[in-house]
Amino acid sequence: MTNEENHPAESFPADCRAVAIQKLRTELGHLRRGQRQSVRANGVVSTGIAELDDILPDRGLLRGTLNEWIAAEHGSGSLTLVLRAASQAQCDGPLVVVDGLRRLYAPAMKATGVRLEETILVRPKSRTDGLWAVEQSLKCPGIGAVLFPADDLKTQDFRRLQLAAESGTAIGILVRSMSAQKQRGWADLRILVTPIPSPARLFCRRLEVRCLHAKGTLTDKTVELDVCDETGAVCLAARLSDPATALRPPEAQINSVRVVSGVGPPNAGRDSVE
Amino acid sequence: MLYQESGHRTQVVIASSEAVRHGIGSGMALVEAQALLQSAVFLPHDADADRLALQTLASVCYRFSPQVGLEPTENAPTTHSLVLDITGCTHLFGGDSGLARQLVIELAELGYFAHVATANTIGAAWAIARYGHGAGSARRLKSLPVEALRIPEKLTTRLREFDLRTIGQLLALPQETLPSRFGKVLTERLDQMFGRRAELLIPLPRPEPVFAQWAADDPIGHPAAIRHVCADLLTEVLSVLKSRGEGLIRLTLTLDSESTAPATLDIGLAKPAESATHLLNLIQLKLEVTSVPEWLNAIRMEASVTAPIQTQQRNLFGLQEPTDSESVRRLVDRLTARLGPAAVVRPSLLPEAIPEQAVGFTPLAEVVSDAQSVPAQAIVSGRPLILLPQPEPVRVTFTDADGALESIGWNGRCYPIAHHTEPERIATAWWQETGSVRRDYCQVETQAGARFWIFRDGNGNWFLHGLFE
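Chains as they are written, first to last, in my numbering: chain A, 75 to 348; chain B, 1049 to 1517.
Only chain A is shown next, with the shape it has when bound in the complex (with noise of 0.2 Å):
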């Protein structure tokens, strides 16, 4: 056997391979805009928050597929979000929520939109019960969507869903702490929500959210919102607005600006500044 039998690939000159690749590339990215167009057709629900559809690749959460919420920390204020996104799957049907370690309280929930009597709460007490129930769920045609917090999620385990979630009509979310950031997954669509440390105003509170993915697209946006625990509204977070920002040197104020623009696509910055 010759040496270039042995490695076929060292036989190409490497400007012909890189051409190769970048084909390659380019047909994967037709290949997925064209499964994400059908896809599409199923419907796209929006969050219930308009700034935080704007960052999102169809303005929305599409149905028929799996999305990632990652949490940077304890406390974060994911969950809030992604409850009040779940409440507007509720016009397609019940929300179903795998709940394998009973912590999600009801009242707050009901605060967040969530209409307890459209919800199915679903308590499994192993592991393989709760993927057991959140697959049967996204397969189900009449269901709004599936809510499971995940953080041990084998690959296989991500595959059978995402291929249940692709089945179905629902919207599969799972909340997901930072440790899965690290993790390749099958989500659609990946999102990450950071708490910002507030101005000194009680019951608010500044998230951070950034679209790290989506299946398909090209996107890195960033959006920073105000959420207020007690009226339950989402806002823009209004920078100039803070006291103690208005109180810098206008330098420092550029400056935080710039730091706001790097962290995600132009457009991203536009949105922090206003």
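Hints listed in this document are in silico derivations from the structure and should not be mistaken for laboratory results. For each residue, glycine too, the CB sits at the ideal point set by N, CA and C. Misleading hints may appear alongside valid ones.
[Unchecked claim] Coverage of chain A stretches by chain B, computed from C-beta distances (three or more under 8 Å per stretch; other residues unrestricted): (1) 126–139; (2) 232–242; (3) 254–264.
[Stated by the list, open to error] Some chain B residues close to chain A (C-beta under 10 Å, calculated; not the full set): (4) D1239; (5) L1383; (6) Y1463; (7) A1466; (8) Q1491; (9) A1496.
Given chain A's structure and the hints, the job is docking chain B onto it.
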């Protein structure tokens, strides 16, 4: 409007409320009714079909009373009512009104709008259900019209000729003169209504229990064999139920073995089901999570609870695709069969001060309808989305200057506090069975922006109870 031929005359039997408003009543000639309301729909009355439907509904009512009968029909051509003897049953449903409410909900599930009344006699209950409302007190009964006495229409017309319009007016007359003036029927009905004369409730025969069983000398143990036997038994049970127009609400499967004690499996459904495939899937799920004897000599399948099934119009091409609500119902059945009724629930808010007691969970298998849904409760703001099952102790430090909260230590980490809310006291009375609880809760926001719900108990110890995720 429904009509029927009576001798040489065709007359209206039942008129809708709108027709009554146009002056049409039962007993009126059909031609006259058609002249009064030409736009109405006139259909021939099928008394036998009505009676059959009532008998089917009686099977639902056995849940509320062991004695269910049809309305006695000595003087009426048709029967439209069911009579239940609820003596000794009401406490199971929270009293008379609780039973009546649940019965109305149950019948509404089947598509019927029922008038239900509870009273001491059949006559009083019938009168209140048709012509009144509320409890059957003597005063209320006296205010009802004479038609509420279940007397022939000819007699009511005659009474009205004498300007006797209410039962109270009849009772004011010397009672001994009534039979000679209006016949024995009137006195008899009055006596029955006020309990002076007994009236028998003739119960309908209860349907025979539906079951099927298999037994063999050679035991079976392979799952496929058990599934095959179950499929056969299920077909047998469903064919009997189909002839009765009923579906399964609860199925009991008894698995007998010579070597070990028999195992019993109960499969409950949210609504009456008749689909063999769906039921067989549920049996399969239940068998997977239940420890059954290794070798089975006999299997008995019994339809423990049945109910009339709602008939659904077939579509043009005869396809039987389940609707979305049907799919969700089947999902609930599947989840319940594998995980158990306590694991598939609907949360509801309870008027309790202690946070962990402010939520109730109703198994979805027991939720009869959406009418039994969550009662409206005021939304309490400032509650965390994650409530720990048990409050976890935290280490709290305070600033030297003003004694404000400085940091909390939890889960091996120290969280410096940026700001916190004023304490909110949650306390219960000392006479409660669970003992007095006094907690001062506050929300704390860490310098990183995370938010926790902590409290200090009566002994000054600090606990983390929730996370504002």
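Cross-check of the supplied hints:
| no. | hint | in the structure |
| --- | --- | --- |
| 1 | 126–139 | violated (count 0) |
| 2 | 232–242 | violated (count 0) |
| 3 | 254–264 | violated (count 0) |
| 4 | D1239 | violated (48 Å) |
| 5 | L1383 | holds (6 Å) |
| 6 | Y1463 | holds (9 Å) |
| 7 | A1466 | holds (6 Å) |
| 8 | Q1491 | holds (8 Å) |
| 9 | A1496 | holds (6 Å) |
Checked against the numbered hints given earlier, this structure breaks hints 1, 2, 3 and 4; the rest are met.
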